[in-house]
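Chains as they are written, first to last, in the working numbering: chain A, -11 to 265; chain B, -11 to 265; chain C, -11 to 265; chain D, -11 to 265.
These are calculated hints, taken from the structure and not from any lab test.
Don't take every hint at face value.
[Stated by the list, open to error] Straight-line distance between alpha carbons at most 20 Å, and here's what the computed EDC-like set of lysine to aspartate or glutamate pairs gives: (1) Lys63/B with Glu115/C; (2) Lys63/C with Glu115/B; (3) Lys63/C with Glu92/C; (4) Lys122/A with Glu150/A; (5) Lys63/D with Glu115/A.
[Said to hold, decoys possible] With the C-beta cut set under 10 Å, the calculated list includes, among others, these residues of chain D facing chain B: (6) Met130; (7) Ser131; (8) Arg160; (9) Thr161; (10) Phe162; (11) Glu163; (12) Gln164.
A virtual CB, placed ideally from N, CA and C, is assigned to each residue, including glycine.
Number of protein chains: 4
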Amino acid sequence: MKLCDRESKPEGTLVDVRGVAVGGRTIVVMAGPCAVESAEQLLATARAVQASGASILRGGAFKPRTSPYSFQGLKEEGLELLKWVSREAGLPIVTEVMDTRRVEQVCAYSDMLQVGSRHMHSYPLLEEVGRTDKPVLLKRGMSATLDEFLFAAEYVLNAGNEQVVLCERGIRTFEQSTRNTLDLNAVPVLKRLTHLPVIVDPSHGTGHRWMVPWMSRGAVAVGADGLLVEVHPDPDAALSDGAQSLKPEQFDAMMREVRAVAEAVGRTVAHPLYARD
Amino acid sequence: MKLCDRESKPEGTLVDVRGVAVGGRTIVVMAGPCAVESAEQLLATARAVQASGASILRGGAFKPRTSPYSFQGLKEEGLELLKWVSREAGLPIVTEVMDTRRVEQVCAYSDMLQVGSRHMHSYPLLEEVGRTDKPVLLKRGMSATLDEFLFAAEYVLNAGNEQVVLCERGIRTFEQSTRNTLDLNAVPVLKRLTHLPVIVDPSHGTGHRWMVPWMSRGAVAVGADGLLVEVHPDPDAALSDGAQSLKPEQFDAMMREVRAVAEAVGRTVAHPLYARD
Amino acid sequence: MKLCDRESKPEGTLVDVRGVAVGGRTIVVMAGPCAVESAEQLLATARAVQASGASILRGGAFKPRTSPYSFQGLKEEGLELLKWVSREAGLPIVTEVMDTRRVEQVCAYSDMLQVGSRHMHSYPLLEEVGRTDKPVLLKRGMSATLDEFLFAAEYVLNAGNEQVVLCERGIRTFEQSTRNTLDLNAVPVLKRLTHLPVIVDPSHGTGHRWMVPWMSRGAVAVGADGLLVEVHPDPDAALSDGAQSLKPEQFDAMMREVRAVAEAVGRTVAHPLYARD
Amino acid sequence: MKLCDRESKPEGTLVDVRGVAVGGRTIVVMAGPCAVESAEQLLATARAVQASGASILRGGAFKPRTSPYSFQGLKEEGLELLKWVSREAGLPIVTEVMDTRRVEQVCAYSDMLQVGSRHMHSYPLLEEVGRTDKPVLLKRGMSATLDEFLFAAEYVLNAGNEQVVLCERGIRTFEQSTRNTLDLNAVPVLKRLTHLPVIVDPSHGTGHRWMVPWMSRGAVAVGADGLLVEVHPDPDAALSDGAQSLKPEQFDAMMREVRAVAEAVGRTVAHPLYARD
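Here chain A stands alone, though its shape is the one from the complex (with noise of 0.2 Å):
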């Protein structure tokens, strides 16, 4: 039996990133912008996505990139406009972290750690992120199977780190009208399988910003424990990945739909209202 395994922990584990529980009837929502790009940009962002309903605030410092003549994120200066905007806000930040070298300087400026899908088999790394106190959002591999998956998060687990939340994001089919193929009969098997919580990333999962919406709510629909949205004040002046990223407005419309799905499986989503309060 694996230390991930559902049966070793029948209940269901609650990740708490700083004060938020991920995992348990409420779905929490990770919203922000695919890299940091500015502290305006940011806290805009940020205020935007609180307002909404969003609990924790997602933003690349490192953004691991096909070309390596493309934006490669501001790196340190990003970490620190992270660490500044979550204060501002008073959200929890996750952000990605590429190189066991840099796993201690990103500990120092977020509140959870994003092994990113290009990184789902790079297992020196995950070590590493499992020898620290922070919580780990693992993404599943492109073409990872769920064995697969599950396998790198025991990696986690096995180094000393329980805190691990997985999350679908697409998969590679030969399918060319979604960016990747969301695959959200990953979330049932999953949650059968595993006692870590699961969310969805309907951003990277289809690359097209109006699908969003529609997957966030099928993602609920099927279970999911929370969700991780592109959310920019000016998608089409993003640095990267602009055509999935949600609009401010879009994302609070999107909110509302969300909730009524969550009602209607017997969750909720934290209220922009309590939220504030």
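Place chains B, C and D on chain A using the hints.
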């Protein structure tokens, strides 16, 4: 512009299956056994699914099976049973046709013609069903792109038949924990591209009975106009696809869940009490 | 044990296409245009490919096309042209049949019946060609596992026809630099599992003319019993698949390369000088 | 234009692995065990593969394994053994590095750095190996498009290291009869797009020992510049990947077959007699 393009009919197509409208605000559930096995099996299933809110009875008389040594369906006898049960229960029926030489015969017994996943690329068959006056349920090929799927529908429309319902039923991917990878992304993409109704088959899409209620909820949340679900009074004794067939009581429970999600997204499902009246 | 299993006939099956043996030490090359377009086009191609060492002429009279608005083949007229050119050039022909109602007619004109990728799962068609006395060229479905491919052949054998040649023609994957992913692994796996001959179609397998000679060499090196190659006197003017059709002089150069590899692996290809005598 | 584009260096790049040139007319074979297990195992394998014509010894000291509970390699001890055997046998060695913190250490022991399939997308690692003066063996990610593969190489070149060899090692598809689907199409496509040498790993590509000689012949026929082959003196006792490892005598027989195909396509493979002198 293709005949099936959304722009050629922005208001959407209503497909009329002997009085049941597919493509409107009401989500239509087609349910029944994978294969017709006997009068008792079929009638019991029909009455049960009808009581739970299904509006159309599905059942295979001609079964496409990977092995020539597997049960191939009751054929003509199966068609007779479908017709008899349809009258007894007052439910329209949908059944598969695989052979151009059989189209006329199947039309005589059935209210809707199904073209299965294995024949989506069979253009002579598509043209032949396009020449009938029966509505057509066209399933996506197991590795058909959405573009190819729409072109397959176009063969039917171009032959003169506009009454086509599209059905997502899972695609082939590397993932092995499910029989196929049910591609819920297909629903919003197709709804945007075409005016034809789109339904989802979570039974073939997943291959696991326990997943069907989860993915049915998801299908409705992402905008499906209906569901195609396998139900069998005794799944363990089924001559085909028992592992993915629901028991009647499981189907009934699922319908209650689906109804709640439908309401959350501004749709309805036929209610058994009203349906009986 | 299936009829097509290697153990049921360890010595292998020789398929006789009007005097040309497929499955022996001599590698058989089937070449010709994707679609029959005119008497001139077909005869010129036939004479050219024969001079370079091809033993069987391919050409489509009924063309399965993704769009109903694309050229669908010359149909009956195409069959007449194939028969006429076959006599003129002294080459047996292979052509596709898609419709159970056409099997008898196509038999009257053709020396070998092709069941295409889109119809590999069409069991009524497989049974119908299984009832004829013509050899069958069965192409792998675009996402068929090798197990399913062998079961499709089994439908033909079980109907009474043992003269089946299997053809790998590329599968659907995420990779987009080629039209399909030609799966050369299929050749040794199939040769181990079945006694039926296995050939390779590098034209559909890659979709790029310049790749065809490379992959033909590879196919022979991994043990293929033959090749199916698209050749057109004027590819840029072809009514279908021009981008993957070789010019006659390119085909001739390719045959020399293939011959060298065949000899390196202990096989031969018919030599044009001997073929002419 | 990218640094790795064919047009930027039409004559092709020769990669120098301690005196062995990869990318020229001579096909280079790298062979050895999946994992370094002991001095005896490694030295016996080295002497055997060298006698059969291999020019570079492969062997893993740090092993990326799906499960944290599988054998993870001998680590530092494995590096020491590789260095010792390399000197004893007079063969350059290639071994994998997975962690940016280990690059300097692995450089001190190895003649060539391997970046494995699981780390092809790990850009910090690519940059780090790009800053060394060791040649790099870069394996294609298990679902990386060829475009992405070339961009990964570009990270290394852009960091200052032009000595990169690309390795096709099988991709993820729906087919389950092989461990991966070895994509030989990648060889001609890559050779056309880039000036970097391209080799093939038929061991991981197929997962079956008996297939390795077949696919090695195919790889050479489609233009590969080399092969990477797993050989183990006692595959059934191997600590990893035994099912796909050749016995030394099987490797020797394979090398004779490969040599014949190489000559048929105008290439050579180092001959053991000459290599010994």
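Verification of the supplied hints:
1. Proposed proximity of Lys63/B and Glu115/C is supported: the alpha carbons are some 15 Å apart, at most 20 Å.
2. Distance restraint check for Lys63/C and Glu115/B: the Cα-Cα separation of roughly 15 Å lies within the 20 Å cut-off, and the hinted pair is therefore satisfied.
3. Our distance criterion of 20 Å between C-alpha atoms is met by Lys63/C and Glu92/C, whose separation comes to about 14 Å.
4. Proximity of Lys122/A to Glu150/A is assessed by CA-CA distance (about 10 Å); at most 20 Å being required, the pair is judged to hold.
5. Pair hint Lys63/D plus Glu115/A holds up; C-alpha atoms about 15 Å apart against a cutoff of 20 Å.
6. Hint on Met130/D holds. Least Cβ distance to chain B is approximately 9 Å, under the 10 Å limit.
7. For Ser131/D, the interface hint holds, the least distance from its beta-carbon to any beta-carbon of chain B being 8 Å, beneath 10 Å.
8. For Arg160/D, the interface hint holds, the least distance from its beta-carbon to any beta-carbon of chain B being 4 Å, beneath 10 Å.
9. Annotation: Thr161/D was flagged as interfacial toward chain B, and the flag holds, the nearest CB pair being 6 Å apart, inside 10 Å.
10. Annotation: interface hint on Phe162/D holds; nearest CB of chain B at approximately 4 Å, less than 10 Å.
11. A cut of 10 Å between beta carbons decides the hint on Glu163/D: the least distance to chain B is about 9 Å, and the hint holds.
12. With 10 Å as the threshold, the beta carbon of Gln164/D comes within range of chain B, its nearest partner Cβ sitting at about 7 Å, so the hint holds.
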